[in-house]
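Student: Using the sequences and the hints given, assemble the complete structure.
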Amino acid sequence: MSSTQLNYNPIPFDDTYVLYDPNDIVSFVSVYFSLLPIGILIFYLSWFIITREIEPVIIAGGQVVNDVVNNIVKNILKEQRPFLIEGFQQNGLRSGYGMPSAHSQFMGFFATYFMLRVWLQWKDLTTSRKIISTCALYGVAGCVVFSRVYLYYHSLGQVLVGVSLGSFIGASYFVVIGIARSIGFIDFILGWPIVKLFWVKDSVYHAPMSLKEEYEFWITRKEKENKKD
Numbered sequence: 013m014s015s016t017q018l019n020y021n022p023i024p025f026d027d028t029y030v031l032y033d034p035n036d037i038v039s040f041v042s043v044y045f046s047l048l049p050i051g052i053l054i055f056y057l058s059w060f061i062i063t064r065e066i067e068p069v070i071i072a073g074g075q076v077v078n079d080v081v082n083n084i085v086k087n088i089l090k091e092q093r094p095f096l097i098e099g100f101q102q103n104g105l106r107s108g109y110g111m112p113s114a115h116s117q118f119m120g121f122f123a124t125y126f127m128l129r130v131w132l133q134w135k136d137l138t139t140s141r142k143i144i145s146t147c148a149l150y151g152v153a154g155c156v157v158f159s160r161v162y163l164y165y166h167s168l169g170q171v172l173v174g175v176s177l178g179s180f181i182g183a184s185y186f187v188v189i190g191i192a193r194s195i196g197f198i199d200f201i202l203g204w205p206i207v208k209l210f211w212v213k214d215s216v217y218h219a220p221m222s223l224k225e226e227y228e229f230w231i232t233r234k235e236k237e238n239k240k241d
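Taking the working numbering, the leading residue of the sequence shown gets 13, the next gets one more, and so forth.
Keep in mind that a hint or two might mislead.
Stated by the list, open to error - Using C-beta positions, here's what the derived DEER-type ranges look like:
(1) Gly196 with Lys239: 36 to 42 Å
(2) Ser140 with Lys234: 28 to 34 Å
(3) Asn87 with Val188: 22 to 28 Å
(4) Phe55 with Lys135: 19 to 25 Å
(5) Arg141 with Asn35: 37 to 43 Å
(6) Lys142 with Gly73: 22 to 28 Å
(7) Lys236 with Ile50: 41 to 47 Å
(8) Arg64 with Asp36: 41 to 47 Å
(9) Ala183 with Asn238: 45 to 51 Å
(10) Arg233 with Ile143: 28 to 34 Å
Unchecked claim - Simulated crosslink set (PhoX-like; lysine-lysine; CA at most 25 Å straight-line):
(11) Lys135 with Lys224
(12) Lys224 with Lys239
(13) Lys224 with Lys236
(14) Lys234 with Lys224
(15) Lys213 with Lys224
(16) Lys135 with Lys213
(17) Lys142 with Lys224
Read the hints as simulated data drawn from the structure, not as lab findings.
Just so it is clear, CB atoms sit at the ideal spot from N, CA and C, and this is done for glycine as well.
Tutor: In structure tokens form, the structure reads like this:
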């Protein structure tokens with residue numbers, strides 16, 4: 013046996029390694045909710061690639077800050093996970109401690125940031141639609157939080173602290189980005205040659221705010237083109 017084989021000690025990729033009870037349908041569904049943060053990150057990437065908007069990059073950057081804070085707090089508090097999952101992530105790159113829950117903190121940031129966008133930036137939405145959107149955001153976040161407790165990865169206290177901390181960071185980050193836009197810092201970044209190379213733009217205050225508006229804009233443009241013909 014070679015020295016390379018002796019030193020090879022593989023570990024699972026923590027972010028997609030989820031243990032569950034195959035005989036429990038709720039446990040099975042909880043796995044998919046636990047994996048939802050990865051799907052959201054893929055959504056951010058797809059959003060940027062398709063639209064070249066800087067907003068998904070900004071939000072993803074906030075999620076990175078949120079995750080760094082989570083690891084710092086975990087290593088300060090050093091609170092263990094529930095006994096069934098002791099040793100989880102012990103040899104991984106991320107902290108193996110349970111307080112606060114990273115998944116819950118991620119979803120708290122996500123739900124709060126987008127809730128503020130819905131209420132403060134999507135002005136053409138009716139109040140009822142804003143309420144429905146807010147309920148949907150926090151409903152999905154609640155499902156992820158529940159999944160972490162149901163799968164025994166975290167205690168109730170760990171997920172509550174996580175979602176609360178994530179919500180606070182999400183709200184604070186929203187304010188910081190708003191200030192950055194108002195003083196022209198985002199426009200300054202958009203003026204960098206490498207950013208221009210990828211045609212990155214910021215249409216938060218300029219683009220249509222709904223699918224209906226985009227459709228009406230398309231109809232208007234199409235009618236103008238038909239008149240020219």
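Student: Checked against the structure, which of the hints given earlier come out wrong?
Tutor: The structure conflicts with no hint, since it agrees with every one listed earlier.
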